[in-house]
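Chemist: The chain contents come next:
4 protein chains.
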Amino acid sequence: MTKKDEKKPEYYQDYLELEKLLKIQQLNSDKQGQHAHDEMLFIIIHQVYELWFKQILYELDSIINIFSINEINESNIGLCVSRLDRITEIQKILIDQVSVLETMTPMDFLDFREFLVPASGFQSKQFRLIENKLGLLQDQRYTYGNANYKSYLNKNDSNEVQTSEDADNLFVLMEKWLERTPFLNWGKTSFWKEYEAAINEMLSYDRSLIENNENYSDKERKIHLKHHQSTKGSFGVVIDEKKHKKMVENGEWRLSHQATQAALLILLYRDQPILYNPYKLLTKLVDVDELFTTWRHRHVLMVSRMIGKKIGTGGSTGTKYLNKTAEKHQIFKDIRELTTFLIPRSSLPTLPSKIQDDLGFYYHVRKKNGK
Amino acid sequence: MTKKDEKKPEYYQDYLELEKLLKIQQLNSDKQGQHAHDEMLFIIIHQVYELWFKQILYELDSIINIFSINEINESNIGLCVSRLDRITEIQKILIDQVSVLETMTPMDFLDFREFLVPASGFQSKQFRLIENKLGLLQDQRYTYGNANYKSYLNKNDSNEVQTSEDADNLFVLMEKWLERTPFLNWGKTSFWKEYEAAINEMLSYDRSLIENNENYSDKERKIHLKHHQSTKGSFGVVIDEKKHKKMVENGEWRLSHQATQAALLILLYRDQPILYNPYKLLTKLVDVDELFTTWRHRHVLMVSRMIGKKIGTGGSTGTKYLNKTAEKHQIFKDIRELTTFLIPRSSLPTLPSKIQDDLGFYYHVRKKNGK
Amino acid sequence: MTKKDEKKPEYYQDYLELEKLLKIQQLNSDKQGQHAHDEMLFIIIHQVYELWFKQILYELDSIINIFSINEINESNIGLCVSRLDRITEIQKILIDQVSVLETMTPMDFLDFREFLVPASGFQSKQFRLIENKLGLLQDQRYTYGNANYKSYLNKNDSNEVQTSEDADNLFVLMEKWLERTPFLNWGKTSFWKEYEAAINEMLSYDRSLIENNENYSDKERKIHLKHHQSTKGSFGVVIDEKKHKKMVENGEWRLSHQATQAALLILLYRDQPILYNPYKLLTKLVDVDELFTTWRHRHVLMVSRMIGKKIGTGGSTGTKYLNKTAEKHQIFKDIRELTTFLIPRSSLPTLPSKIQDDLGFYYHVRKKNGK
Amino acid sequence: MTKKDEKKPEYYQDYLELEKLLKIQQLNSDKQGQHAHDEMLFIIIHQVYELWFKQILYELDSIINIFSINEINESNIGLCVSRLDRITEIQKILIDQVSVLETMTPMDFLDFREFLVPASGFQSKQFRLIENKLGLLQDQRYTYGNANYKSYLNKNDSNEVQTSEDADNLFVLMEKWLERTPFLNWGKTSFWKEYEAAINEMLSYDRSLIENNENYSDKERKIHLKHHQSTKGSFGVVIDEKKHKKMVENGEWRLSHQATQAALLILLYRDQPILYNPYKLLTKLVDVDELFTTWRHRHVLMVSRMIGKKIGTGGSTGTKYLNKTAEKHQIFKDIRELTTFLIPRSSLPTLPSKIQDDLGFYYHVRKKNGK
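Residue numbers (my numbering), protein chains in the order written: chain S, 2 to 372; chain Y, 2 to 372; chain Z, 2 to 372; chain F, 2 to 372.
If you're looking for bench data, these hints aren't it; they were derived computationally from the structure. Treat each hint with caution, since some may be false.
Pairs involving identical chains hold if they fit within one copy or between any two copies, as the list cannot separate such chains.
Only pairs whose alpha carbons sit at most 25 Å apart, straight line, appear in this in silico PhoX-like list of lysine-lysine [as the list claims (entries may be wrong)]:
#	residue 1	residue 2
1	LYS55	LYS32
2	LYS151	LYS24
3	LYS220	LYS285
4	LYS329	LYS285
5	LYS151	LYS220
6	LYS334	LYS189
7	LYS244	LYS334
8	LYS21	LYS151
9	LYS55	LYS151
10	LYS93	LYS55
11	LYS21	LYS55
12	LYS244	LYS194
13	LYS24	LYS55
14	LYS93	LYS233
15	LYS329	LYS247
16	LYS329	LYS55
17	LYS189	LYS329
18	LYS243	LYS189
19	LYS32	LYS194
20	LYS334	LYS177
Just need the whole structure built from these sequences, with the hints factored in.
Modeler: Next up, the structure:
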């Protein structure tokens with residue numbers, strides 16, 4: 002608002018570098034002298050995808066940056082939530098725009114498909130960077146044909162992707178942040194102990210109901226008791242450090258025990274003002290995961306419709322690959338699965354008043370104290 | 002599928018020219034040494050818009066090309082419907098992605114808004130081309146500040162836009178195509194006469210009902226008769242050549258009388274197989290209009306929220322401009338308004354058998370004749 | 002989880018009362034012996050609309066309830082934001098599902114339209130309740146044919162709607178809540194004074210730039226100075242109590258001066274943790290307004306396509322009515338227009354440290370104090 | 002339009018039976034004296050789902066009705082396409098509105114979840130009817146806990162569902178319709194033979210390219226030849242009656258050999274005017290399948306987030322059930338997989354002129370013949 006009059010006026014087409022942007026759509030079918038009308042759409046939609054990937058990476062980098070500092074300012078958590086929110090809005094567009102690609106029919110695709118080989122979405126460096134920066138474990142990757150995913154990239158791209166593998170990712174930084182949460186220690190007791198007690202009370206009450214229900218046949222009672230036993234066992238990952246360790250070793254769980262507890266505390270007590278943004282943050286991370294899963298599913302359906310069971314342009318049986326990654330490439334699934342361990346508000350351990358105060362707003366507390 | 006092994010393999014990043022694509026996002030705020038995080042989103046979303054505009058123009062050009070030939074092959078009408086369908090799918094994305102821009106708050110925008118002046122969506126050459134190729138009348142344009150819209154473009158862009166003004170546009174070509182429809186002449190009678198008769202019968206019946214309804218007070222009867230009279234008058238644009246001419250002179254109607262009748266015939270008898278695709282075509286054209294209207298409305302809301310009543314970066318009071326164009330820049334509104342003149346299937350004039358045959362499928366007719 | 006075994010098992014169809022739900026779709030065209038296939042869709046989609054309206058009213062009532070208490074608990078603001086968020090998600094569905102109705106063509110509609118007269122969406126009691134509970138001013142209502150909107154309802158419905166007119170609505174309750182915000186008084190100074198100073202400094206700097214820019218012709222300089230003067234004037238509604246009063250008298254502004262300032266403070270300092278949820282709340286209210294506006298626009302387009310310029314089943318020229326209401330029935334537009342008065346973060350008055358503390362979290366403050 | 006003045010005026014609330022509609026939302030949590038705010042949403046959204054299911058069934062029944070007649074009028078194919086199109090628009094809403102349910106958090110759900118047991122979406126009679134009427138094979142059903150899916154329904158509902166199992170379904174009727182297509186017999190030759198020849202030519206050319214490519218190592222050549230062999234084999238289901246029979250026996254294919262060929266012909270020659278609507282029809286059936294698959298996936302994600310790995314209210318591990326059905330409950334997958342067997346337009350066998358004529362429009366043909 003202040004210095005504008007001094008600058009040379011900006012022209013829209015120059016600001017957006019439209020001259021460059023709008024001449025980099027060269028159809029391979031044209032180069033081969035066999036113009037295929039629909040190849041233009043194919044190029045443009047993939048360029049749009051890559052522009053959005055750039056934006057996602059840009060937001061992701063800024064979030065990683067914020068989380069790389071030990072003492073994260075509260076208001077920065079809100080900022081990260083906003084930026085994750087932007088990422089999810091972009092992901093929704095990534096999903097919706099599959100329907101534009103679906104206006105291309107399989108036969109239209111056949112007109113130029115041969116000219117693409119072996120280029121493939123498989124080779125999108127930016128998408129690999131997104132996966133790594135979110136924190137995908139390399140051994141969780143679904144590998145195609147026993148070849149490392151980087152082998153499909155050229156030297157430069159492969160190096161850049163390698164760097165992102167080695168750097169701190171959002172999963173790891175979020176885990177450290179969770180581990181620093183000061184609210185687990187409740188003085189003489191702890192969140193952990195109180196939660197365990199609440200679970201046990203709830204479970205014994207349930208057990209007595211099953212044992213005393215006269216409508217059950219012996220067989221039915223047995224089945225219900227078995228279910229009950231397995232429910233009890235499932236809480237282990239949160240309350241039993243050994244069980245947690247075992248699950249981590251088996252690759253069934255990734256989040257550290259301390260971080261797991263902190264995440265559960267945030268989910269359970271999110272009505273507390275100070276936990277509202279941390280709760281939103283955890284939720285948004287699960288959203289990001291889910292939306293990529295949905296995008297992959299949508300993509301599978303579209304591809305399988307486009308090429309049937311043919312081999313993908315990159316050599317993969319496209320649909321199988323995408324299905325597997327939709328299933329395996331979920332990074333924040335521990336957070337999602339914590340919903341298993343939520344308990345009704347009425348069974349929640351009461352917060353010690355000191356913790357309650359810490360979790361409230363200063364202003365609010367002061368007012369209550371008549372200041 | 003056949004020649005692929007002879008070519009040098011195609012690399013995804015090269016095919017999409019990603020190196021060039023991903024380096025043309027230079028933030029003005031960075032150039033000024035005042036990095037504004039959200040300017041990246043602003044640039045990328047506008048580049049995405051322009052890529053989609055290119056695709057829309059590409060499809061539009063191909064449709065105009067098909068319609069430029071006098072004898073349009075029937076199967077090409079289907080092709081045009083598919084391509085218009087693609088355009089509408091893209092338009093839906095244009096609308097949806099406003100929600101990505103809305104993740105930028107007004108204060109985030111203030112951080113870099115001054116660096117953009119006076120660049121403005123106003124200066125999108127491609128959008129002007131779309132408007133002109135669809136067939137926007139130049140005197141229908143809402144002009145901002147009495148200045149011709151081309152005055153905001155640089156010399157080259159202005160010339161290119163001028164060329165599109167002078168060339169045949171889709172509205173004009175569609176009108177000519179409608180005028181060539183051979184189904185209006187029904188031998189001894191005509192669609193026009195039969196339709197007029199059907200309207201008159203329907204209207205006199207309605208009139209007698211009003212006149213004979215004993216529940217009406219005199220005042221109520223008068224009001225109903227007045228309404229009835231005005232309904233009767235409104236059919237004029239289709240059945241009365243003079244009335245049509247007058248409306249054209251007043252700028253209330255644009256489509257020629259012959260084309261108006263042909264369009265109405267298509268809308269009324271679209272259950273006939275041969276009219277199915279022409280009907281779809283007319284419908285899709287109205288869709289394209291509507292989606293741009295919706296996009297402008299959505300855009301108005303977003304902009305007014307972003308900048309309030311401030312002056313737009315291009316100098317316009319942005320929201321007023323967009324509101325006016327949403328209202329005025331409708332190209333196929335005559336087609337839309339033809340729904341006013343539809344009549345129930347039960348009142349439709351029966352098609353003469355010769356016309357009925359012409360409208361059916363050859364195969365079907367042959368079977369009926371026992372061949 | 003605890004008492005389930007004692008209850009009689011619940012059957013899905015009974016829980017949802019499906020037997021009743023699924024038999025209340027009686028086609029008028031069937032009653033008249035002229036089955037019109039598409040009337041079923043017409044009934045079902047309107048029933049779906051009314052179910053969603055019920056849900057919106059249910060959430061709205063709960064929010065009004067929370068805001069009716071003088072001392073609103075901070076965590077309840079978060080709860081209201083969540084419930085407004087639910088309302089907006091429902092509104093998006095209301096908008097999207099117009100496309101289901103659009104699968105009905107004008108001619109299909111003509112098959113049963115006459116059987117509906119004069120029933121009309123006009124007569125939706127629930128929608129009137131929503132408008133009143135949000136806080137639509139009765140003299141802001143676009144009246145059709147000089148008749149009060151309640152005259153289209155039957156006695157019972159009219160009474161219920163009247164009650165909602167007289168009760169406290171969300172606009173009024175939100176205004177009172179804003180007026181109670183304690184952060185406007187900054188001790189020796191006030192938010193109001195500091196904001197005015199910041200505006201003035203910003204404006205004089207801009208003025209000097211215009212005056213000293215040697216590239217301007219005299220004429221250009223005059224135009225820029227005129228613009229500058231009008232920008233300056235527009236800030237009046239916030240900083241000048243008299244100007245504010247005048248605008249209220251003219252019906253150009255509705256929110257009280259105190260509430261206007263509080264809302265602006267929340268928008269400007271929303272990065273402060275304690276203002277995050279209030280900021281979200283104001284934003285969500287504008288969202289609700291916008292989505293109803295969008296819904297009306299979408300509806301206008303659909304109706305005008307369905308019936309052309311015919312008279313609506315309720316006797317209104319449907320599209321004109323809907324267009325007018327889309328324009329006039331905006332309740333929280335003052336909040337939206339406050340974006341006009343935002344200033345860049347760099348020009349924001351620094352918060353006095355006492356206010357800063359009040360706005361932070363207790364926990365955070367304690368840590369800073371080394372406790 | 003004609004008889005309206007004679008009828009008693011219709012009141013909106015009565016027409017839609019709103020009095021009944023809006024009082025069948027009784028919260029179980031209220032009955033138990035433990036009001037859970039979010040149970041209202043749970044009831045309303047499921048009632049909305051059931052209303053939409055009713056509409057889908059209504060359209061499905063009308064399509065089945067049309068297809069039950071041996072000689073289907075061409076214009077009725079267009080009508081079926083429109084009605085399938087309506088079904089898909091409804092399905093999109095079913096998917097979108099999951100996001101309304103997602104505004105309910107897991108802890109909000111826990112407040113009333115126990116009151117629902119064992120009611121479950123599992124017990125939706127209407128959804129079972131949809132599956133059966135589309136043509137789901139009973140042995141394709143994913144059974145939960147070895148119990149027949151009808152065992153979860155009460156007697157009446159179970160009987161109604163049984164009836165739908167026994168009646169003609171859309172898959173079977175579509176298959177018969179395909180088998181009646183007269184275009185497979187090309188006089189001295191047949192579509193089948195010509196297609197086989199085109200495939201063979203294409204494949205031998207590809208083979209020679211592999212064999213003569215000097216850049217291949219022996220190992221690479223072997224791999225490519227193996228791929229080539231397997232591609233060749235995959236065409237069997239269309240061109241080799243024995244192979245087709247075997248695949249049917251193994252449950253890998255369902256569509257009869259005759260119908261498979263007809264479907265492929267329609268897909269390959271859909272540019273022919275008379276095949277345009279049949280092509281649309283096949284495409285829409287695949288759409289319906291896909292959208293239910295997408296809906297189930299979306300649903301899985303939502304449920305797993307809501308309840309984690311807990312047992313569903315109906316006793317199922319909800320997410321596993323939904324995942325399995327998303328995978329297995331695809332009815333028109335043969336049609337989808339036919340894309341595997343498409344070949345480029347340039348390799349398509351030329352239609353014999355007699356067939357070409359049969360596929361064109363009568364009108365068009367006449368003109369060409371100078372009549």
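Chemist: Determine for every hint whether it applies to the structure shown.
Modeler: Verification of the supplied hints:
1. LYS55 to LYS32: Between. Shortest inter-copy distance 20 Å satisfies the 25 Å Cα cut-off; intra-copy 28 Å does not.
2. LYS151 to LYS24: For LYS151 and LYS24, the Cα distance is within 25 Å only across copies (23 Å; inside one copy 29 Å).
3. LYS220 to LYS285: Cα proximity of LYS220 and LYS285: none, with 44 Å in one copy and 48 Å across.
4. LYS329 to LYS285: Result: close within a single copy only, 19 Å intra versus 31 Å inter.
5. LYS151 to LYS220: between (55 Å within a copy, 22 Å between copies)
6. LYS334 to LYS189: neither (32 Å within a copy, 53 Å between copies)
7. LYS244 to LYS334: within (18 Å within a copy, 43 Å between copies)
8. LYS21 to LYS151: For LYS21 and LYS151, the Cα distance is within 25 Å only across copies (22 Å; inside one copy 29 Å).
9. LYS55 to LYS151: within (19 Å within a copy, 33 Å between copies)
10. LYS93 to LYS55: Classified as both; 15 Å inside a copy, 22 Å across copies.
11. LYS21 to LYS55: For LYS21 and LYS55, the Cα distance is within 25 Å both inside one copy (17 Å) and across copies (13 Å).
12. LYS244 to LYS194: within (16 Å within a copy, 61 Å between copies)
13. LYS24 to LYS55: both (20 Å within a copy, 10 Å between copies)
14. LYS93 to LYS233: Neither, since 38 Å and 39 Å both go past 25 Å.
15. LYS329 to LYS247: within (20 Å within a copy, 34 Å between copies)
16. LYS329 to LYS55: Answer is within; shortest intra-copy Cα gap is 24 Å, inter-copy 37 Å.
17. LYS189 to LYS329: neither (41 Å within a copy, 54 Å between copies)
18. LYS243 to LYS189: For LYS243 and LYS189, only the intra-copy Cα distance (23 Å) is at most 25 Å; the inter-copy one is 60 Å.
19. LYS32 to LYS194: neither (70 Å within a copy, 34 Å between copies)
20. LYS334 to LYS177: within (17 Å within a copy, 44 Å between copies)
Hints 3, 6, 14, 17, 19 from the earlier list are contradicted by this structure; the remaining hints agree with it.
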